[in-house]
Structures are given as C-alpha cells and as structure tokens.
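From just these sequences and the hints, can you work out the full model?
Protein chains in written order, with the numbering used here: chain A, 857 to 929; chain B, 857 to 929; chain C, 857 to 929; chain D, 857 to 929; chain E, 857 to 929; chain F, 857 to 929; chain G, 857 to 929.
Don't take each hint at face value.
[Stated by the list, open to error] Restricting the straight-line Cα-Cα distance to at most 27 Å, the calculated cross-link-like pairs of lysine-lysine (BS3-like) are: (1) A:K916 to F:K882; (2) F:K916 to G:K882; (3) A:K903 to F:K882; (4) E:K903 to G:K882; (5) C:K882 to D:K882; (6) E:K882 to G:K916; (7) D:K903 to D:K882; (8) C:K916 to B:K916; (9) E:K916 to D:K916; (10) C:K916 to D:K916; (11) C:K903 to B:K882; (12) B:K916 to A:K882; (13) D:K903 to C:K882; (14) A:K916 to B:K916; (15) D:K916 to D:K903; (16) B:K903 to B:K916.
[Said to hold, decoys possible] Coverage of chain D stretches by chain E, computed from C-beta distances (three or more under 8 Å per stretch; other residues unrestricted): (17) 858 to 867; (18) 906 to 917.
Rather than coming from a laboratory, the hints here were simulated on the basis of the structure.
Note that this is a predicted model, so its numbers are computed, not measured.
Using N, Cα and C, we set each Cβ at its ideal position, and we do this for glycine too.
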Amino acid sequence: MLDNRPLSVLNRNIGNHVIVELRYGKEYRGILDGYDPHLNLVMSDVKEFIDGEQTRTMSKALVRGDNVIYVSP
Amino acid sequence: MLDNRPLSVLNRNIGNHVIVELRYGKEYRGILDGYDPHLNLVMSDVKEFIDGEQTRTMSKALVRGDNVIYVSP
Amino acid sequence: MLDNRPLSVLNRNIGNHVIVELRYGKEYRGILDGYDPHLNLVMSDVKEFIDGEQTRTMSKALVRGDNVIYVSP
Amino acid sequence: MLDNRPLSVLNRNIGNHVIVELRYGKEYRGILDGYDPHLNLVMSDVKEFIDGEQTRTMSKALVRGDNVIYVSP
Amino acid sequence: MLDNRPLSVLNRNIGNHVIVELRYGKEYRGILDGYDPHLNLVMSDVKEFIDGEQTRTMSKALVRGDNVIYVSP
Amino acid sequence: MLDNRPLSVLNRNIGNHVIVELRYGKEYRGILDGYDPHLNLVMSDVKEFIDGEQTRTMSKALVRGDNVIYVSP
Amino acid sequence: MLDNRPLSVLNRNIGNHVIVELRYGKEYRGILDGYDPHLNLVMSDVKEFIDGEQTRTMSKALVRGDNVIYVSP
Numbered sequence: 857m858l859d860n861r862p863l864s865v866l867n868r869n870i871g872n873h874v875i876v877e878l879r880y881g882k883e884y885r886g887i888l889d890g891y892d893p894h895l896n897l898v899m900s901d902v903k904e905f906i907d908g909e910q911t912r913t914m915s916k917a918l919v920r921g922d923n924v925i926y927v928s929p
Numbered sequence: 857m858l859d860n861r862p863l864s865v866l867n868r869n870i871g872n873h874v875i876v877e878l879r880y881g882k883e884y885r886g887i888l889d890g891y892d893p894h895l896n897l898v899m900s901d902v903k904e905f906i907d908g909e910q911t912r913t914m915s916k917a918l919v920r921g922d923n924v925i926y927v928s929p
Numbered sequence: 857m858l859d860n861r862p863l864s865v866l867n868r869n870i871g872n873h874v875i876v877e878l879r880y881g882k883e884y885r886g887i888l889d890g891y892d893p894h895l896n897l898v899m900s901d902v903k904e905f906i907d908g909e910q911t912r913t914m915s916k917a918l919v920r921g922d923n924v925i926y927v928s929p
Numbered sequence: 857m858l859d860n861r862p863l864s865v866l867n868r869n870i871g872n873h874v875i876v877e878l879r880y881g882k883e884y885r886g887i888l889d890g891y892d893p894h895l896n897l898v899m900s901d902v903k904e905f906i907d908g909e910q911t912r913t914m915s916k917a918l919v920r921g922d923n924v925i926y927v928s929p
Numbered sequence: 857m858l859d860n861r862p863l864s865v866l867n868r869n870i871g872n873h874v875i876v877e878l879r880y881g882k883e884y885r886g887i888l889d890g891y892d893p894h895l896n897l898v899m900s901d902v903k904e905f906i907d908g909e910q911t912r913t914m915s916k917a918l919v920r921g922d923n924v925i926y927v928s929p
Numbered sequence: 857m858l859d860n861r862p863l864s865v866l867n868r869n870i871g872n873h874v875i876v877e878l879r880y881g882k883e884y885r886g887i888l889d890g891y892d893p894h895l896n897l898v899m900s901d902v903k904e905f906i907d908g909e910q911t912r913t914m915s916k917a918l919v920r921g922d923n924v925i926y927v928s929p
Numbered sequence: 857m858l859d860n861r862p863l864s865v866l867n868r869n870i871g872n873h874v875i876v877e878l879r880y881g882k883e884y885r886g887i888l889d890g891y892d893p894h895l896n897l898v899m900s901d902v903k904e905f906i907d908g909e910q911t912r913t914m915s916k917a918l919v920r921g922d923n924v925i926y927v928s929p
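As structure tokens, then:
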C-alpha cells in the first residue's frame, strides 16, 4: 500500500513539477530537487508569482518550509 | 472505548472526506490520504476556497500543519 | 487534593461541554472528546461562532492548539 | 532565601488572585488554580476584560500560555 | 574575566533596577527578582509604560520572555 | 548522484553569490560564507534592498534564518 | 581556514562594534559583549535607532535573538 505520509509524498515527487504556495501571496513553481523534515524545499527552474503575476525566474532556490501553505505535485 | 486523541481521529479518517480550515481565510476540502504529528496533511481531490469562494482544484496537496485552524471529518 | 494542572483539567472535562476561544475572533462550543499535550482538541457537536455570530455546525472537529486563547469547561 | 524563578513564583501564588494580561487587549482576573511549564494557566472565578471593559465571567478557564504578556499576583 | 553570556548578565542583575522593553509598545521598569532560560522575568515594584505613558503599577509581575525586545540593567 | 537536501545545497554554494529574500520586503545579495541548520547565514560584500531599492552595503552580515523566504544561488 | 558558521562569526566579534537590526524598524549599535545559541546578544554602549532616528542610549542591553533580522560587524 502506498505510503501517504507528508515526507513520503515529497520524496515520491522528487524530479517532478510542483506548485508551492507560501504566505504573503507568493507562489513558486518548478522541479522539486530535495527537501528536509522542516519542509524546506530545493527547487530548480523556478518561477515566482506574487498575487498571481509572474515576478521572477530562478534556476535554483531553497525555499524555507516555515512559510509554506501547501505543496501540490 | 474509542481513542479520541487528535492523531487517532486523523488516523480513523484516512480515506474520508475532510474540511481543513486554515488561517488567511483558506479552506481545503478533499480526501485525507495521510498526516504526521505536526498535523501536516496529505489530501487528494482537493478544492481550495478563499473567503468562501472556490479558487482552485488540485489532484493532490500537502498542506502544512502550522496554518491549520481545524480539521473536520 | 484535586490536580489542577492544565492537562489534568482537560482530562477531567472529557465528555463535558466546553467553550474554546481562538484567535481571529473564533469560538467553538461543543463536547470535548479528546486532547493532546499541544492542546490540540477533539470536539463533537461543535458550533462555530465568529465575532459572536454562529457560522457553522460540525459533528466533529479537531481544533489545533496553537490558536487557542482559552478553554472553559 | 526566596526562590524567585518564574515557575516558583507561579507555584507560590496558587490559590491567590492574579491578573493575567494577554495579547489582543485581553485580561483575565481570577484565582490561580494551576499551571505548567509553558505558562498555561488554570484559573477559577475568572473575569475577562477586553480593552479594559468586562466582557465575560467564567467559573473555570484554562488560559494558553503562548499569549501571556504578564501574570501579576 | 567577566562572563557576558545573556543568562549570566541577567543573573548578575538580580536585585537591580532594569528596563524591559516588550513588543506592542510596552515597557516594564522595576527590580529584577528572577528569570529562567526562556527569558521569562520576575520583577517587583513594576511600572508599566505603554507608548511612553505610565499606565499601571504592580508590586510583582512575571513577564513572559517571548515578547521581550531587550532588557537593560 | 547529487545530494539536493537543503543544507547540502547551501554547503555547495559557500563562496558563491546568493540572493536571500526575507520577509518585510528585504533582500540581501552577496557571497555566502557560512550557515547553520537554522538557515542562519553569514554573508560578505552584502547589498541590502528594500522593496527593490538598494538601501545599504555591509562588508559582513549574519542574517537570521527565521525571516528567510528563499535563498537563490 | 576561517570558521564562518554564524556563532563563530559572533564569537570573533566579541569586543567589536556591531549593528543589530531588529523587526519593528529598530536598530541597536554598540559593542558586542556576549551571545548565546539563540542569538540573544549582550551589548554595551548601545544606541537605539527607530526608523533611522536615534531614540535612546543604554550602557548595557540584552537584546532578544528572536527579533533579530541581521547582525553586521
């Protein structure tokens, strides 16, 4: 049976495209490269959106887990 | 006798439809797939509501426990 | 002599009606079914009030302890 | 010599009238029945004041320590 | 050589007059009676100031460390 | 295979130029000299931007991890 | 090779002049006397600035680490 605990779901999605919504109306879309138990996330080919408008692209970003609202694979 | 501690109640509701209310006027409705002791939740077939209006659907989402106000099975 | 530490008081009130006041002007009234040391609370037959107006009823709710201001039996 | 560490001062005041000021302009006045190391407080014969106006009385309340600004015996 | 770690400085100032500035524009002035590692402080002969105006006197107060901005001996 | 956990990514970028976005519209750009598991960061040749405008330069700065939104190498 | 972890950088700057920026537009400038792993800082000959205006001088201050945005030697 599939392990659906939060960190297992992150683990299964390494290499996949994810949407990461943060507080402050910020959203990061890109490939999930890594994570840790605090939900700190390493992403690549990242597009930042603020209040729905694209504001920045980054080849790599470490997003702090504290501000995460959800991660959607 | 039924175990009514918070994590046991989450555990009994795996596979069931739940309403998750977060800070910031956000609400997520969907199937509870998994959880961890921080109340991080994995959900599927998720509908997001902001201030009562449906704003997004997601096939899967990991919702960070920090922002949870309540989970209602 | 009666044990009046916080968790003991919660424990004695399992099965009783309680008022739970949260931040954000939210209040939950219902039966206390369970709790954990973080003051996460499981309640049944819950009425939600926002700024004093009843806004929702839930047969069951797990209320996250972080947002609790007080619990009154 | 008197032990003046915070928890010892709470312990010496069990059974005494205390003023508990919280964030959000809230104040609780009543008898201190119990406490724990997180400064969660159990009180009885409690009067709630918001911005200086009495708003509620409760025979018993468990006040979460997180929101405490000060406790004054 | 003098030990200037934070808790040692608090310890050396037991019995001395201190100014404790908190968030929310609050300031407490009085004698430092005790403390713990969370910077919870026990004070006596306390004057409360809000936005620079004296608002209350307390013979004793336990001030929660979470809200402290600085303590000045 | 490359280790893409958050702290490993920081470690690989020691000596590189990074962009550190914080809450409060603050951004720090400079060389990453060091870090710890709380994401506290030591930087050199730092330029501070507030809401996109350069406001300060510092030869060295220890930036507290709590306020970090992301670090981009 | 120089140890550039955050606490080591603080340690090397004991006795030096530092700028400590806090939340709430507050800044403290003075000599760093001591610190602990929470980034609580002991300073002497301290000048407080609020929104860039000098507002207070203190011969000694223990600044709580929680509110620190950065420390710049």
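Outcome, coverage of the segment 906 to 917 of chain D by chain E - at least 3 residues whose beta-carbon is closer than 8 Å to one in that chain = Violated - the segment 906 to 917 of chain D has 0 residues with a Cβ nearer than 8 Å to chain E, which falls short of three.
Is the hinted pair E:K916 and D:K916 satisfied, with a Cα-Cα distance of at most 27 Å?
-> Roughly 24 Å between the alpha carbons, so the hint for E:K916 and D:K916 holds.
At a Cβ distance under 8 Å, does chain E reach at least three residues of the segment 858 to 867 of chain D?
-> holds (count 8)
Taken at face value, is the distance from the CA of B:K882 to the CA of C:K903 at most 27 Å?
-> Measuring from Cα to Cα gives roughly 19 Å; hence the hint holds.
Holds or violated: E:K882 with G:K916, Cα cutoff 27 Å?
-> holds (19 Å)
Between B:K903 and B:K916, does the CA-CA distance stay at or below 27 Å?
-> holds (10 Å)
For the pair supplied as a hint, C:K916 and D:K916, confirm whether the alpha-carbon distance does not exceed 27 Å.
-> holds (24 Å)
Keeping to a limit of 27 Å between CA atoms, is the pair of D:K916 and D:K903 held or broken?
-> holds (10 Å)
Assess, step by step, whether the Cα of F:K916 is no farther than 27 Å from the Cα of G:K882, and give holds or violated.
-> holds (19 Å)
Hint consistency between C:K882 and D:K882 [alpha-carbon to alpha-carbon, up to 27 Å] | holds (14 Å)
Is D:K903 within 27 Å of D:K882, Cα to Cα?
-> Roughly 10 Å separates the two Cα atoms, so the pair holds.
Given pair status - A:K882, B:K916, alpha carbons within 27 Å = At roughly 19 Å apart (the allowed maximum being 27 Å), A:K882 and B:K916 satisfy the hint.
Hint 18 alone, counting from the list given before, is not met by this structure.
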